[in-house]
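Colleague: Each chain, letter by letter, is given below.
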Amino acid sequence: MMRFLVRREPNFGMTNKNMTNEELKLFTTEQFPFLIIEEGNEWLTYYVEADEWKTLAHQLRNHTSLQFDFLFCLTCVDWKTHLTMVYHLTSTTFKHTVVIKSKLNREKPEIETVCDIWRTAEFHEREVYDLFGVQFLNHPDLRRLLLTDDWKGYPLLKDYDDPINMIKL
Amino acid sequence: MYRTTDILEHKQSPSAGGVGEAEYMVINVGPQHPATHGVLHLVITLNGETIINVEPHLGYIHRSIEKMCESLTYRQFIYTTSRMDYLSSHINNHCCAMSVEKALQIEIPERAKYIRVILDELTRLASHQLWWGAMAMDIGAITPFFYAFREREMINDIMEETCGARLTMNYMVPGGVMFDLHPNFQKRVKEFIAFFKSKIDEYDEILTGNVIFQNRVKGIGMLSKEDAISYGCTGPTARASGVSCDVRKLYPYELYNNIEFDEIINTGCDSFARYQVRMQEMKQSLKIVEQLIDNIPEGDFQAKTKAVLKLPKGEFYTRVETARGEFGVYIVSEGATTPYRIKFRSPGFSNLSALNHMAKGNKIGDLVAIMGTIDLVIPDIDR
Amino acid sequence: MPSLENITNTIHTWLNNHVSSTLATLIEMLIVALLAMGLFAILGLILVLMERKVSAYMQIRLGPNRVGFKGSLQTLADTLKLVLKEGLTPNGADKLLFNLAHYVVMCAAMLILAPLAFAKGFQIWDINIGVLYISAISSIGVIGILMAGWASNNKYSLLGAMRSGAQIVSYELSAGLSVLCIVILTGSLRISDIVNAQQNGWFIFKGHIPAIIAFVIFIIAVTAETNRAPFDLAEAESELTAGFHTEYSGMKFALFFLAEYVNIFVVCAIGATLFFGGWMPLHIGNWQGFNHAMDFVPSSIWFTIKVFGLIFLIMWFRWTFPRLRVDQLLNLEWKYLLPLSLVNLLVMTVVAIMGWHF
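Top line first, the protein sequences correspond to chains X, H and B.
Residues 131 to 299 (the numbering used here) are what the first sequence spells out, left to right.
Residues 5 to 387 (the numbering used here) are what the second sequence spells out, left to right.
Residues 58 to 415 (the numbering used here) are what the third sequence spells out, left to right.
Rather than coming from a laboratory, the hints here were simulated on the basis of the structure.
Glycine residues also receive a C-beta, built at the ideal position from the N, C-alpha and C atoms.
Honestly, I wouldn't trust all of these hints.
As the list claims (entries may be wrong) - Below are the DMTMM-like pairs computed for lysine to aspartate or glutamate, each with C-alpha atoms no more than 25 Å apart in a straight line:
no., chain 1, residue 1, chain 2, residue 2
1, H, Lys106, X, Glu169
2, H, Lys194, H, Glu165
3, H, Lys253, X, Glu168
4, H, Lys314, X, Glu169
5, H, Lys317, X, Asp246
6, X, Lys282, H, Glu59
Claimed, not checked - Pair by pair, the computed Cβ-Cβ distance ranges are:
no., chain 1, residue 1, chain 2, residue 2, range
7, H, Leu254, X, Thr211, 46 to 52 Å
8, X, Lys210, H, Glu264, 47 to 53 Å
9, H, Glu27, B, Thr406, 42 to 48 Å
10, H, Asn160, B, Tyr114, 20 to 26 Å
11, B, Phe369, H, Asn160, 32 to 38 Å
12, H, Thr77, B, Leu141, 49 to 55 Å
13, H, Glu209, B, Thr361, 42 to 48 Å
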């Protein structure tokens, strides 16, 4: 991981055409200098601080040459030291894809909801809340989705242990 | 454990017309209900017969497949996906096998690619046939169900002969397919194509052209293009709203960039558009199978792979087009023999989230028609 | 030649010769009641089997073929199963109404049998307001359905009953108006008069186009009145599980089921009587030879053939069409069928006054 230096390229950003990964990388780093790139993935991957996520989300969705309007995968990974939210975004207009990640405190995982920007997030966030216990701030209806309301614990956390239903191989 | 419904806390404001909150009726559709095709539980708030709110309660067959996969090897986890969307189990398996191949950079033999694509398309056909029958039954026409099953049975027989199973095929392995095609395969598929071609017009005659049917599905369950994208809808549900989202065209995998077929897009946005998209997709699938069935190359059906597969450290996202939409597998690997974390992006889950938006303001009979055209498979939603 | 008319006349004279006339009437009433119940039981058995066979052949399958010869005893076995089942009454239900509803539905279906002419001179009660009586009684059944839906204390039942109520009340109008068309031609409400008026041809041929329109409206309306697909909204199984009889089980359910089939029989019998001459053989004008040849087939056979032909038509509808939505159902009645039948009635009146019919 490295902080990417901003390079001014005035041609980029004004053209409403499909961008390659490299162009997209240059453009987004220019637009959002606070992002940290994670290298070595199929798609452009950025890390964002949890409290900056909502503003970034708005810009990603609404910027005329980005228009990431399709959130096709929203999930969370438990890294034992922290949780990582993973948002896969793509643009149905320009067909470019970006992955945004955000590290959350494992003890008190909290992040702003994006279900007012991408409405599919409402269910996906409820699922993540259900299985990981991530609190989505300002979510209209944050309840358990798959498990029963009185379920204790969050099953997809690595330290979750269910003595009855656990599958151990 | 019965789920408590706190619908009262989430009450909608009274609608225009002066009907107060107290006059709303809350109905539980499901978990056992003929129209939900499985154990989906919908809490519906009704004003007379008009739907005010639909709230899906999921999880009645949640098996936490994602958690299970964390303790299964890369050869084993593929087959849990057959149990998700059981109607496109082949395509789900295909996606998982492809993601392992992509991570390990395994080149699979041409023959395996042909077999995979042909079986994928046959699976899609079978799935759409079942959908057609089941949807007609939801709307009240029972006879089409049997017509659909007549053809679906032929596909199932082909699958049984080649894969050894009729529903959860488990035929894909990383590197190809598990064993070679049955000698009868080509002959029987050709028989099926000839038979189905003569029967597909019958489908239109008995249902599509029916005035009652058209009145039932036209203009209900409206889902605009923006909403379809925002709700993350994929597959025929989104394509009926004018969204181009066919993974086979946008991100071609296996042979799909060499095959001639059309992406069906309809801008009707209603249930009838979704119906038409699926009907035309059947013809496209038939076209794909026709192109491939005579040209299956000789050779290996499986690439040589190691006995124990270890994916390199990293993240891998693979997607395919199932009968219901985009199915994605997101694998986070730590370099071990088992995945660190797996997320299955199931099309049904996102499509279901749009149900409330589509059904609001329609009649209770429409809800059934809308659910029918979204083509929900509950294990796919619950995982 | 022994005909049903001769048999009844023989019994009647024999009884009057041997016992007092009051007792004779009582005994005749008893016999009629037993016959009606027997007819119901047999109808249930035959029609359910017929429906299953018809649907099977339409759906490229075989249907019941294990119990008895080609499955002929299947319904009997099913009835036995239903009789042995426990008839549950839900805890929250209104016990009295819940246990009364199916009898009301059943009785309403049975009462309509009275003025039907099954064969020449074979009629329970040749009342002078026969058609009016039928229209009046046939709407009693809806009370039973409403009772069942309300008393079950189940939302599905309630919705089903409400739909059924709205539906039957609306379609009653069209059915009544199309029946009136025939009454205009005959000038009498008595069933035997209506049948006799078709001596020289059935009304569907004699009444020109208005009669055919009336027949089409009649068939649509009675399909809706009997809650059959495509108008089976009251028990739409994919929407309301089973509608008004969701909570019924065992013999109580069987009575609803039986009442449905008896209703079909009854409405088809009315349709056959009004439009196809009832027991009247196929007569064409003054072709004496032809008419005479037709008379060789007993009138009861003619009646049965016509009724079962119409029943087959209604079954055909059920296995072909999807179900309508509730608002479309009411639109169809109030916006299309009702104005059409009113205009049709007018046209029919003109035809009758001008004497344009045969």
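Colleague: A separate judgement is required for each hint: does it hold in the structure or not?
Modeller: Tested hints:
| no. | hint | verdict |
| --- | --- | --- |
| 1 | Lys106/H x Glu169/X | 18 Å, holds |
| 2 | Lys194/H x Glu165/H | 15 Å, holds |
| 3 | Lys253/H x Glu168/X | 29 Å, violated |
| 4 | Lys314/H x Glu169/X | 21 Å, holds |
| 5 | Lys317/H x Asp246/X | 34 Å, violated |
| 6 | Lys282/X x Glu59/H | 23 Å, holds |
| 7 | Leu254/H x Thr211/X: 46 to 52 Å | 37 Å, violated |
| 8 | Lys210/X x Glu264/H: 47 to 53 Å | 49 Å, holds |
| 9 | Glu27/H x Thr406/B: 42 to 48 Å | 45 Å, holds |
| 10 | Asn160/H x Tyr114/B: 20 to 26 Å | 24 Å, holds |
| 11 | Phe369/B x Asn160/H: 32 to 38 Å | 33 Å, holds |
| 12 | Thr77/H x Leu141/B: 49 to 55 Å | 53 Å, holds |
| 13 | Glu209/H x Thr361/B: 42 to 48 Å | 33 Å, violated |
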